[in-house]
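Asker: Those sequence lines, one after another, are chains A and B.
If you count by numbering that gives the first Met the number 0, then the first sequence holds residues 0 to 194, one letter each, in order.
If you count by numbering that gives the first Met the number 0, then the second sequence holds residues 0 to 1084, one letter each, in order.
Source of the hints: derived by calculation from the structure; they are not laboratory data.
All residues carry an ideal CB built from backbone N, CA and C; glycine is no exception.
Treat the hints with care, since some could be wrong.
[As the list claims (entries may be wrong)] Derived contacts from chain A toward chain B, CB cut-off under 10 Å, selection only: (1) P45; (2) Y48; (3) S49; (4) H50; (5) K51; (6) L52; (7) G55; (8) I59; (9) Y63; (10) I109; (11) A121; (12) A167; (13) N169; (14) A191.
[To be verified] Computed footprint of chain A on chain B, listed as stretches where at least three residues anywhere in the stretch have a Cβ under 8 Å from a Cβ of chain A: (15) 151 to 163; (16) 1007 to 1016.
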Amino acid sequence: MKNFLLDYNLKVRLPILIFVVLTVFVVTYYASYAERNGVGYTPAQPILYSHKLHAGDLKIDCRYCHSDVDKSRHANVPSAKVCMNCHSIARKDKPEIIKLTDYYTRGVPIEWKRVHKVPEFAYFNHSVHVNKGIDCSNCHGNIAEMEVVEQVKDFSMRACLDCHRNPAVNIKNIIPGKENLKINNGPQNCSACHR
Amino acid sequence: MPLRENQEKSIMDKKVTDISGKIIETAAVTDTTVPVNENQEKDSNYWRSFRELYNDPDFIREKKNEFMPGALDRPDENSFSKFSRRKFLALLSASAAVAASGCSNFRDKGEIIPYNKKPESVTIGNPNYYASTCTGCQYACGILIKTLEGRPIKVDGNPDHPVSKGKICAIGQASVMNLYDPERLKNPSERINNAGGNDITWAAADDKIIAQLKNAASSGKEIVIITNTINSPSQKKLLTEDFKRAYPTAKVYSFELFSDANKNSAFEKCYGVKTFPLVQLDKANVILALESDFLGNEGNKVENSRLYSQRRDAFNGEEFNRLYSVEGNASITGMNADYRMILRTDAIEEFVYCLLNEFISKQKVSALSADAGVTGKLQNYNLNGFIEKNNLSKETVAHLIDDLKKNQGSSFVTAGSMLPESTHIAVNLLNEVLGNNKLYIKDVSTVEQIPLSSKSELENLISDMQSGKVGAVIHFDSNPVYNLPGDYGYADALSKVPLVISLTETINESSDKSNFVLPVNSMFESWGDFQTRNNFYSLQQPVIAPLYNTRQKEEILLTWSKGTKDAFNNEIYQKYVMDNWKAGALQGAGSDADFMKKWYAALNDGVVSSKTVSSAGENSPSSFKSEALISNNSKLTQSNETVLILLKSSSLGDGRFANNGWLQELPKPLSRIVWDNYAAISVQTAKALSLKSNDIIKVTTSAGSIEVPVFIQPGTAEGVIAVELGYGRNVCGIVGKDVGVNANKMMSKNSKVTQWMFNDAKIEKTGSTYELVSTQEHFAFDEPLLKDIQYRREIIQEGTYLQYKENPDFLTAHKTKYSEEETEKLKVGSINEQYVHTGTKWGMVIDLNKCTGCNECAAACNVENNIPIVGKDQVKANREMHWIRIDRYYSGTPEVPKTSFQPMLCQHCDFAPCENVCPVKATTHSEDGLNGMAYNRCVGTRYCSNNCPYKVRRFNYFNFRDRFRDSIQKEESFSLMANPEVTVRSRGVMEKCTFCIQRIMEERQMAIQENREIKGSNIKTACQEACNTSAIHFGDQNDKEAEFYKLNNSKLGYTVLEEIKVKPNVTYLAKLRNVLEIEKTEEHH
């Protein structure tokens, strides 16, 4: 009886258990990969701002609002004042614009939900990438098609290194007018990003 | 089942209590035929049911049992479900897991909160710089404040400032910590009857104070304003005009813990000019420093260091100057001197007279040799006898006399400001005799806005306070209770004053004795103007809105002088300064629009040169009045007792910044001691009194006594003890409270010599000890293994200036020259990957000729790189976190040491030994020659630190921010101070100098933006920017066009521990001592 039990455990139960655990792990790992890296993250924003309308249909340049993207490490989120440049006149009666105007007149900053984030210990620099002609869409996807901004690309270190190692293949879009700039391999040493 | 039975029994044996807590049951369960309980009858007021009330026997029986009949029967197992609990739980969790895996939820990434209306000048992520003025001491250096998103995070010198020229001292560097100090006062408070303070509103405080001030003024009682040096024209106008107009009995007293008062009064006696003139130190070929630490803690150190080091540059074509130092205390100036003679401080005056006698009477170098009065005065001083008596080196004195004589008109003698007026008079004559008055600057002079109060003025003030003639005392950001010599009896007199108001940033000894404590803005939140010299003005501007409910101290007085609390508004003092500038610094600006243009230009530059030089005649010295010397009664004569000298602290200044941990943890240049002051004594004195370092001694002078730990400082004169002031604050924040010993109480207004010097001290051994902690071990001088190791291992390579001039290759001449073939053979195979740095390769050059060992670099590095304060106990365990340290090496004998300084930081070796041993590849090399450190990868094995030949790696044994002094560094305000471009390291990771990678990356960003090559000359590391003597250079080693290339390949260059072939990228330029003899140490080369 005892022998039988041991055999049963070893021959049947254990392999099944290992199989189940491994399958679950592998499936979960891959199934949750995007989620862990934030791919697909589409948080609701305090104001229903449409990039599709502004950047897509109206063809406003990214740098009209994200004006410091080529000057600084950070691509700034515009202040309410920038929105009001147009919206003090345009579409004043729409509910979202009324919301915006309210923020602006009260002097309260709008707390936009952050969509893209590299960890604190990595120092990404927008300016050096944009000034080399690397288009926003290479990392941020086709924002001009998005009603609500969503993270579409992986923001892991592997994603960074893929491009740094092989920009010719991985960089798909170049900012118009900057096609002549030579894009070398990006630095691959640790201190390029970690300090 | 016997066990179960027992259990039941024990349960039932338990005493049972009813609601009222009374024991109603003690009997055993088995006894079922219990009679009616007698207590039951008495307690019949309380019943739970009628059965109980009527004492139903069934009920009583039941009550004996805890459980109802049948309750303890075993259940029928067959009636259970076949589905076990374990299975149920397993299924439950499995289904929960399945359900959870189907869910999709993202990690919240927080918010991005942009400005509502972004100021035009702000670019998020790029710093803004504002020109301002530092108020850390009386010298008011020009500063540039770096702000990121509105937060000041770094202070450096303003290059446009004519005095400081882009450099500031450690106090200025660390001043951002004062702004963010969580212990700053946050609200005005009123103390009633010596009880603790109650927070009140500004309006209430203003109302109460104005009423009391008006009262005092109308009843003719004096209103006293006590300040430190006033160097602001607007402050002066406010205090002496506007405030005085409102309160006619107001009077301003100013004092300074350390001042040039003796120097100035001596100069007035000699030349009839009130202030000692400025000196062209860079024109002096020979400098004689008499107990003067002009490179360390005396005078405007920033300017002095710059001027001195201009003549210590092997490449700018100017001859080296020669620095002689004669001193009792071991100062940095002395340790940097080419010739240092050790002489008791109280013999200095005699030495000057001997020199005068030598030059006037014997060598007749001056017309004064015909003046019988002068020669008569000098005839008793015999240089040879003096040399004999004090055991000075004859050759050195001969060199000195020779040099001074040869360089008449281009040498300079300077005496320490602690020395009495009589010494300074003699020194003035010596400079006059040698024609060195040519070096005095005629057209530019120091401006004293309000002269410091004299001793008699302060004495009168105290007696007025004692006798009740003073109605109110206002401490205008000053701390007289702590800073004034104890024998004035200030604290006692203060208790007689009905109204005491302290305007201060943090609590201090004076605010503790005040009725009103009003918090004031820090220098980052204030407006102001300064004029320290007559050729320029400088401006101070706020770079951040006040963090707390504070007001600028000038605003407060201005409000009071308007007589109503309603006069206050946020711009009141800014307007006041602007109005003053309309009539002063920017007078004749024309229309308002023109004025505003000039005003903004002035704000942008931080300084304006003033065209109106105030009556030149007043400042240019007339001829020397020899009667000043003839009537000069020597105050300083050699005694048989010990000399006590009280020094300005090298890092803390006058103690006002005691709560700044960065300054407390900055090592003293020579002893490398942190977090304490001590009595520096000589080796001989220690031997004579059988004292060891850390023994506590009792020092007694005519002014009193203190107990202070001893530190044996090589190079101190026998019979001299030196103690730093500024320590021992007992009313202070948590960081600085009771750090060190308060030696201020040893100062005396009645000292026979000066406030800072006594020659009647007695030392007693107390028998107890106290542990001093230093960042560098002091090995025994006679330890054969370690003696002169810095020379034997060529860590320090030195030569003499003459040697260098004769043969610039002297440093490498002794090294065996190999042919190329031989070199190839000698190459050691490396286990490293062979990097070929074809592009940029970063490197640093440190010019040891210029380095004075002052530590400014370390202070700047702390601020730039978010270095935590670790506290004394951790420094003791060698866990200080400074990324750059100054190694101080002694050679020679303990009595007469020769000192070498060497800044040591990560050498970014080409074949870095740390990189090989890291098991997780957390420290790696970059193609531009940097040895990088990825904190998030580090697991803290510390192998790298173990394998580093330079010992420059620092490990976070704790989260030091969390550990030190009740986690004060974790306070929210401190987190605003951190440089966002540098990671704040946590426990368990290794860190080290990064060559300020964040600044390299900033230049890289600019280069890419401007589509050009990255240029090394555009990058300044924090230490380089701070170095007062510009000894540190940083650049691209492969950029052949750059100035840096020349320095890096200079014939004086060497790397430390060359023989281990790690190929460091920090090149040191060998120190050249400007001595006449070829030194003995050259044997080692």
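Asker: Evaluate each hint against the coordinates.
Answerer: Going down the list of hints, with the structure as the test:
no., hint, result
1, P45, "9 Å, holds"
2, Y48, "13 Å, violated"
3, S49, "18 Å, violated"
4, H50, "15 Å, violated"
5, K51, "20 Å, violated"
6, L52, "20 Å, violated"
7, G55, "22 Å, violated"
8, I59, "17 Å, violated"
9, Y63, "14 Å, violated"
10, I109, "7 Å, holds"
11, A121, "8 Å, holds"
12, A167, "19 Å, violated"
13, N169, "19 Å, violated"
14, A191, "7 Å, holds"
15, 151 to 163, "violated (count 0)"
16, 1007 to 1016, "holds (count 3)"
The earlier numbered hints that this structure contradicts are 2, 3, 4, 5, 6, 7, 8, 9, 12, 13 and 15.
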